[in-house]
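Participant: Sequence:
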Amino acid sequence: MASRRLVTIIMLIVVTSLLTGCWNSREMDGFSIVTALGIDKVEEEGRYEVTIELVNPAEVVGGEQSTPGRASTTTIYSAKGDTLISAIRRVSEQTPRKIYFPYTQTVVFGEGLARSGIEVIFDLLERNQEFRSTPRVLIAKDNTAKNILSILSPLEKIPGQKLVKTSEVSGQTLGETLQVKIMEFVKKLTSDGIEPLASGVSILGQSKDGESTANIEQTTPNSLIKSEGLAIFKKGKLIRWVDREKARGMLWIINKIDSTIVNLSCDEKPNAISFNVTDTRTSLRATETNGIPTIDIHVKQEGEMEEVLCEIDLTNRDTISKIEKQIEEKTKVEIEQAIQIAKEENSDVFGFGEAINRENPKIWREKIKKDYEEIFPELKVNIKVDSYVIETGMRKESYIKE
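Residues 1 to 402 (our numbering) are what the sequence shown spells out, left to right.
It cannot be assumed that every hint is accurate.
[Claimed, not checked] Straight-line alpha carbon distances no greater than 27 Å define the calculated DSSO-like cross-link-like pairs of lysine-lysine that follow: (1) K343 with K181; (2) K181 with K234; (3) K234 with K256.
[What the hints assert, rightly or not] With beta-carbon atoms standing in for the labels, derived distance ranges: (4) S191 with R89: 27 to 37 Å; (5) K181 with S92: 22 to 32 Å; (6) G117 with K181: 12 to 22 Å; (7) S86 with E344: 34 to 44 Å; (8) K269 with E378: 34 to 44 Å; (9) K181 with P377: 26 to 36 Å; (10) E329 with D82: 45 to 55 Å; (11) S133 with K226: 18 to 28 Å; (12) R132 with R240: 25 to 35 Å; (13) R281 with Q337: 15 to 25 Å; (14) G117 with R281: 31 to 41 Å; (15) K325 with E43: 49 to 59 Å.
Calculated directly from the structure, the hints in this document are not laboratory data.
Just so it is clear, the structure is predicted and the values come from calculations on it, not from any experiment.
A virtual CB, placed ideally from N, CA and C, is assigned to each residue, including glycine.
Work out the full structure: start from the sequences and follow the hints.
Facilitator: Written as structure tokens, this is what we have:
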């Protein structure tokens, strides 16, 4: 949806430019639309390297104004500076038009910068009127933001849109990644009792192979963008990556799973049953006894059987009950693993501290807040999971049984 809106905006700009005679050599006089912004840490020639993705409207829209053959729909520019704004101004030395940020879809941080701290970066992103608070925050896993933005991808005309949509689709189908807007990230970054999470993006293949249009002209691209893992932050710094079930465990807790597949064992066969979670709701509340806080997590899941590779009778209510129990146990284990990781890193990415503050602001303010780093790793957490199989599919009996 966001991609279609952006293309529509570009088409309107192109048509207006054509009608008013402002079109010149496939470029518009006036503004360069920034669709993605990448920020990296560098050790020389300034502290920051900024990379911007500028859209080429003619190639996005197509038609007579497009280049014969296949040309890139975007152009990448990079520059370095001691401050973020100075690096952005240095980029302007390379472009013939004013850089325009209101339509930026995503901000990608290189892992090196994320590990050194990104808290100060958001001062410009929030203070400058051109930047909106809605772009998605992504972290380049084991790579730089510059390399990530340089990859040309098939199916999507604008690479920045590819980043956003890949992370979105991955989160909706696997339940292992998270869509986070700048305003949400900053709110957690600056709040007491909670730390931010962000999704990671990595490169499959060599980054240099993905910078040429040849990468999108073949059935098997040499280089692709992959949505991968959750980045755990503490005090504005990336401190650890988690992926797969451990990442899903974190998202169970913060109620950010749309859909996911839970694989179960059957007849001593691992991953013989696939259960599709279609609806999940998590409630999180804090209680206290004699000033000692406890966190209660309650997860409710509903879903349907997707695949059965063992001999079971899905018409039998006892069989369904055993499957539901197995789903509950596996979800609980994933949640416990996620909590253990957060406690090891002493990073409350779940907002347990916020829950305590909401329940009893006085206890939080007088007894917990100043010592929360010592309290959080020892915090008692109760977990309850209720799972319900609401559909068994069009087959009631296992194919293997027949």
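Participant: Is the gap between the beta carbons of S86 and E344 within 34 to 44 Å?
Facilitator: Given range 34 to 44 Å: holds, Cβ gap about 38 Å.
Participant: Is the gap between the beta carbons of E329 and D82 within 45 to 55 Å?
Facilitator: With a Cβ separation near 54 Å, E329 and D82 satisfy 45 to 55 Å, so the hint holds.
Participant: Would the hint linking K181 and K234 be met if the CA-CA limit is 27 Å?
Facilitator: Distance ~18 Å between K181 and K234 Cα, so the pair holds.
Participant: Cβ-Cβ distance between K269 and E378: within 34 to 44 Å?
Facilitator: holds, 39 Å
Participant: Given the hint of 49 to 59 Å, check if K325 and E43 actually sit that far apart at their C-beta atoms.
Facilitator: holds, 54 Å
Participant: Regarding K181 and S92, is the given constraint of 22 to 32 Å on their beta-carbon distance met?
Facilitator: About 26 Å separates the Cβ atoms of K181 and S92, which means 22 to 32 Å holds.
Participant: For K343 and K181, compute the direct alpha-carbon distance and say whether it is at most 27 Å.
Facilitator: holds, 25 Å
Participant: Can you tell me whether the CB distance of S191 to R89 sits inside 27 to 37 Å?
Facilitator: Holds, since S191 and R89 (Cβ atoms, about 32 Å apart) stay within the stated range.
Participant: If I claimed the Cβ atoms of R132 and R240 lie 25 to 35 Å apart, would that claim hold in this structure?
Facilitator: With Cβ atoms ~29 Å apart, the hint holds.
Participant: Regarding the pair K234 and K256, is the alpha-carbon distance no greater than 27 Å?
Facilitator: holds, 20 Å
Participant: Between S133 and K226, does the C-beta distance stay in 18 to 28 Å?
Facilitator: Since S133 and K226 have Cβ atoms about 27 Å apart, the given range 18 to 28 Å holds.
Participant: That 12 to 22 Å hint for G117 and K181 (C-beta), does it hold up?
Facilitator: holds, 20 Å
Going down the numbered hints, you'll see the structure goes against none, and every one checks out.
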